[in-house]
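Based on the sequences and whatever the hints tell you, model everything.
2 protein chains.
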Amino acid sequence: MSKKLTIERVSPENFDTFVDLIRQLARYEKLDEPDNEAVGRLRRDGLSDDPKFQAYLGIYKGAAIGYVILFMTYSSFLALPTLFIEDLFTLEKYRRMGFGQQLFNFCIKQAKEHNCGRMEWTVLTWNKPAIAFYEKNKARRLDWYFYRMTQKDIAGFRER
Amino acid sequence: MSKKLTIERVSPENFDTFVDLIRQLARYEKLDEPDNEAVGRLRRDGLSDDPKFQAYLGIYKGAAIGYVILFMTYSSFLALPTLFIEDLFTLEKYRRMGFGQQLFNFCIKQAKEHNCGRMEWTVLTWNKPAIAFYEKNKARRLDWYFYRMTQKDIAGFRER
Numbered sequence: 001m002s003k004k005l006t007i008e009r010v011s012p013e014n015f016d017t018f019v020d021l022i023r024q025l026a027r028y029e030k031l032d033e034p035d036n037e038a039v040g041r042l043r044r045d046g047l048s049d050d051p052k053f054q055a056y057l058g059i060y061k062g063a064a065i066g067y068v069i070l071f072m073t074y075s076s077f078l079a080l081p082t083l084f085i086e087d088l089f090t091l092e093k094y095r096r097m098g099f100g101q102q103l104f105n106f107c108i109k110q111a112k113e114h115n116c117g118r119m120e121w122t123v124l125t126w127n128k129p130a131i132a133f134y135e136k137n138k139a140r141r142l143d144w145y146f147y148r149m150t151q152k153d154i155a156g157f158r159e160r
Numbered sequence: 001m002s003k004k005l006t007i008e009r010v011s012p013e014n015f016d017t018f019v020d021l022i023r024q025l026a027r028y029e030k031l032d033e034p035d036n037e038a039v040g041r042l043r044r045d046g047l048s049d050d051p052k053f054q055a056y057l058g059i060y061k062g063a064a065i066g067y068v069i070l071f072m073t074y075s076s077f078l079a080l081p082t083l084f085i086e087d088l089f090t091l092e093k094y095r096r097m098g099f100g101q102q103l104f105n106f107c108i109k110q111a112k113e114h115n116c117g118r119m120e121w122t123v124l125t126w127n128k129p130a131i132a133f134y135e136k137n138k139a140r141r142l143d144w145y146f147y148r149m150t151q152k153d154i155a156g157f158r159e160r
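Each protein sequence line maps, in turn, to chains P and S. Read in order, the letters of the first sequence are residues 1 to 160 in the numbering used here. Read in order, the letters of the second sequence are residues 1 to 160 in the numbering used here.
Everything labelled a hint here was simulated from the structure, so no lab data went into it. Just so you know, nobody snuck in bad clues.
Just so you know, same-sequence chains aren't split out, so a pair can sit in one copy or run between any two.
Here are the computed lysine-lysine pairs in the DSSO-like style, where the Cα-Cα straight-line distance is at most 27 angstroms:
#1 Lys-52 to Lys-109
#2 Lys-152 to Lys-128
#3 Lys-152 to Lys-109
#4 Lys-112 to Lys-52
In this text, all values refer to a predicted model and were calculated from it rather than measured experimentally.
Quick look at the structure:
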């Protein structure tokens with residue numbers, strides 16, 4: 001691979017760059033981006049001694065061109081940790097240059113190092129380039145539906 | 001609700017009962033059930049000081065009739081923890097008696113107590129009773145595909 005990406009853990013020094021990339025992913029996915037309070041929580045939750053997620057930047061020629069957010073979930077049937085990819089993003093103008101692939105290779109490496117039984121993630125059904133990318137990497141789309149209740153749903157929930 | 005369930009945290013005392021319920025869920029879902037080594041890991045990972053998941057039994061008249069396994073994931077856009085339901089199961093002969101509902105209510109309560117921004121879970125596409133149950137509870141099915149690489153996929157992965 002010609003254009004080699006450097007992977008750098010998110011730290012107090014590059015935190016603002018990291019937040020800027022999250023915002024750009026949210027815009028790309030047409031989802032709400034983190035507000036100022038959320039950014040404060042991201043800093044606390046990501047940079048604490050017992051962080052709630054692991055975040056890494058992809059650096060090319062000194063510029064942060066993408067990022068990944070990972071955390072461990074768990075499979076009860078395998079009784080092994082699962083590496084869950086919460087976000088994997090490359091800035092649009094840096095696409096088709098092998099950077100997303102290098103971020104994905106890094107995720108695989110992390111899954112191996114932590115002896116994970118699985119690696120899992122979700123993809124928006126309309127995100128055709130992402131789907132093509134994961135299929136190319138021999139990932140399997142599962143016959144599971146993904147369900148959610150929002151904070152509003154939870155707050156307004158009436159016990160049946 | 002007439003038949004009141006008691007929710008009990010999984011402990012060394014009820015651990016074998018817990019494993020038996022996991023095995024019954026795996027059979028119901030037509031998936032591989034944990035082998036003996038996996039049971040050893042479940043014990044270590046679930047009962048340690050820093051457990052990888054939280055497990056609870058539903059007890060009715062002294063019998064464990066179902067269980068839930070929960071853990072926290074994280075939303076980067078909300079910058080809030082998500083309560084993820086890994087398993088929620090009621091033994092077949094105890095269905096349609098409100099027990100699954102009480103386990104679900106318990107999950108909602110946990111999500112509120114931990115100030116979660118979301119509660120998420122997956123459902124097998126063929127599991128019509130589960131889908132009907134979650135829809136009745138106003139959960140939203142998301143337009144996301146769920147992707148996985150298995151341990152074998154990860155081990156055999158060749159960097160592109």
